[in-house]
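Asker: In case you want the letters, here they are:
There are 2 protein chains.
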Amino acid sequence: MDVDIGTIGSPTHRVVDVHTHMYPPKYIELLESRSSIPLIRKFAGAKEPRLIILPAEAESLDKTAGSTETSSSHLPGRPVTTHYSSLAQKLHFMDTHGIDISVISLANPWLDFVAPEEAGEAAKAVNQEFASMCAEPSAVGRLFFFATLPLTAPPETLLAAVGHVRSLRHCRGVILGTSGLGKGLDDPALVPVFRALAANRLTVFLHPHYGLPSEVWGPRATEEYGHVLPLALGFPMETTIAVARMYLAGVFDQVPDLRLLLAHSGGTLPFLAGRIESCVVHDGHLVKEGKVGPGRRTVWQVLREQIYLDAVVYSEVGLKAAVDASGADRLMFGTDHPFFPPLGSDEQGEWESVTWNAEAVKKALGDGTDAARAVMGGNAVEILRLHEDS
Amino acid sequence: MDVDIGTIGSPTHRVVDVHTHMYPPKYIELLESRSSIPLIRKFAGAKEPRLIILPAEAESLDKTAGSTETSSSHLPGRPVTTHYSSLAQKLHFMDTHGIDISVISLANPWLDFVAPEEAGEAAKAVNQEFASMCAEPSAVGRLFFFATLPLTAPPETLLAAVGHVRSLRHCRGVILGTSGLGKGLDDPALVPVFRALAANRLTVFLHPHYGLPSEVWGPRATEEYGHVLPLALGFPMETTIAVARMYLAGVFDQVPDLRLLLAHSGGTLPFLAGRIESCVVHDGHLVKEGKVGPGRRTVWQVLREQIYLDAVVYSEVGLKAAVDASGADRLMFGTDHPFFPPLGSDEQGEWESVTWNAEAVKKALGDGTDAARAVMGGNAVEILRLHEDS
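Same order as they appear, the protein sequences are chains V and B.
Numbers in my numbering are just positions in the first sequence, counted from 1, shifted up by 943.
Numbers in my numbering are just positions in the second sequence, counted from 1, shifted up by 943.
Treat the hints loosely; a few may be bogus.
Said to hold, decoys possible - What the simulated footprint calls covered on chain V by chain B, stretch by stretch (three residues with Cβ under 8 angstroms from a Cβ of chain B suffice, anywhere in the stretch; the number is not a length):
| # | stretch |
| --- | --- |
| 1 | 1157-1164 |
| 2 | 1169-1179 |
| 3 | 1187-1194 |
| 4 | 1209-1216 |
| 5 | 1256-1267 |
| 6 | 1291-1305 |
Hints were generated in silico from the structure; no laboratory data involved.
For each residue, glycine too, the CB sits at the ideal point set by N, CA and C.
Isolated chain V (complex conformation) (with noise of 0.2 angstroms):
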């Protein structure tokens, strides 16, 4: 292996994965299920089924639908592979990587697009398989897991759930897209559910699903530019928008204990959060309003009290800039598996997608610093107390 990003074993240098994501078989099966994204397709001449999620892909479904076509980069989605859904899959790219843990997580769109009557019962489901896969034998101790909450289902449904998850042995938090219960983070209806899911110690790890509207990408986008625009710049502005709208409503005043964990080092926060206070503090509207004065708790800090960053940011400027905002007691390494596989090989060996997070915390922090150890797996086991085992 080129990049020893860990030593396995080690007490006090664990490699942690906080951004690491498991389709098991239950929410496979619910996926196969459906006619419309998110779905799981399969096509004739491809090995594999294929996972069809994001908006843009849509559309190239729609001019596959009953082709012959049995060349797979024609093909929309991407291919469910083991990496996807088995246990023994996550453990050697795990071991390959030299990660001692991972905090895994369902994959987006989680059970955004689930009725309202199903929800309750399919994310009881999918939690149940996420606990029973951490309480493996050949899991134990290298396994956690951030939750799903069944956000359309009703609020009695909603609240129960995170009780139920809060019981759940190696659960440390829930992941959670940002449309909520529809209509975005900043919806007050939510915040009785931040406010329990603070109570019980459950960090929030805020992931983009949605992106931004197709027009923005332009005519050219969906022949000639491949998933770049939507998941380089839509995902991380998703982020950045959601997180911004929950400032902006006081989401972080009124919820003081409430703790975000956000998705590729905070979309673009880090590098927006001074022009977001120059807009806050010239807003006439906001100023004649009384929101803008003595006491207002400014972007700056919440960023250094009450979110953390994952350093999935692919280089030493973005990785600078996120420990330059939130500190780098507040960062955390993560891989976004089983996305970005090497493309051209058989993804059983390093993943460059997993190097390039590696080597910018190495670059930005310096090699085997006390700093670099902290982001690489230190935080993450202080932060998500991952030393206790329930």
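Using the hints provided, position chain B relative to the given structure of chain V.
Answerer: Same frame as chain V, but now just chain B:
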């Protein structure tokens, strides 16, 4: 003055503002004659007419139609003070902040809304007014400008306009929005325009205006969050998307001499460059099309060879990331005057929006260092040839 950002007249340590707008009389007349945004409108009881340019402001414009509301904080847009149009006021602002030279430009949305048959003459008139301002005795040597192109005009008019602005003594480039000819800056029809600009050593100042579709700000934004989301996030995200589309279309390869100055330190490009790179090399479609491989110009190369960034990012964190991405020799100080005036003052003293950016340079690069001086003015003098009075 609390923050001494420059000493006027010091020959080796010039302070240059490359991001500063003006509305010459002919442009104000044009906006006054309109009934849909962009427009300038007088309101009963309001001292100054108001400039309404953002899509988000159109809504509140409709609500105030026929209103006798006299509190200006309820009125849409912003007051057109003398800061928008008066040369004396611009020079006073420069003196107040220790700015030796300003490279002025028309503000958004420029002439994007002008009918094709009128655009050529409108551009000529506006550019001539800018040229005249720069030639005023009080301004000579202190003012240069970025010209405006008639983008809605027929191709031959547009290309002729490049020739015209090149002939104007104090013109050093053009300011450009992200819509281009209506299809974005990755439109192949723009390549001849970029070539003509590059051949004439005219820097393109890329500036946002259109933001993102308003639905992304959610149901509470218009009433509760002022203009923060469209300005703080929409503008920089628009810029990032535009330049990423140019990159993916190969514009930087096709026009190697193109020089692009990105507003607001590149929007979010420095922070997201790593993720863009990762998404490109992991995109099956791009790899199959041969767009990824040896010889490919990376985003980092474009940032370090073809892009300049202004230093309008309002934080040390952002400034450092911009420097890390493009180099301290490619950053240029700016103010965004006359936008973001201090609230509750007569606007004749020091502007906090300016000092935040000057402070960020000091904090990121050190007080009085060569790098800080370069960003505050030295780079602009060299890059935009401000030592040449022709």
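Asker: Would you mind marking each hint as holding or not holding in the structure?
Answerer: Taking the hints in turn, this is what the structure says about them:
1. Counting residues of the stretch 1157-1164 of chain V whose C-beta lies closer than 8 angstroms to any C-beta of chain B gives 7; at least three are required, and the coverage claim holds.
2. Requiring three or more residues with a Cβ within less than 8 angstroms of a Cβ of chain B, the coverage given for the stretch 1169-1179 of chain V holds, as 8 such residues are present.
3. Requiring three or more residues with a Cβ within less than 8 angstroms of a Cβ of chain B, the coverage given for the stretch 1187-1194 of chain V holds, as 4 such residues are present.
4. Remark: the stretch 1209-1216 of chain V is confirmed as covered by chain B, as 5 of its residues place a Cβ nearer than 8 angstroms to a Cβ of that chain, reaching the required three.
5. For a cut-off of 8 angstroms, the count of residues in the stretch 1256-1267 of chain V with a CB near a CB of chain B stands at 9, and the three-residue condition holds.
6. Residues of the stretch 1291-1305 of chain V with a Cβ under 8 angstroms from some Cβ of chain B number 4, which satisfies the need for three, so the listed coverage holds.
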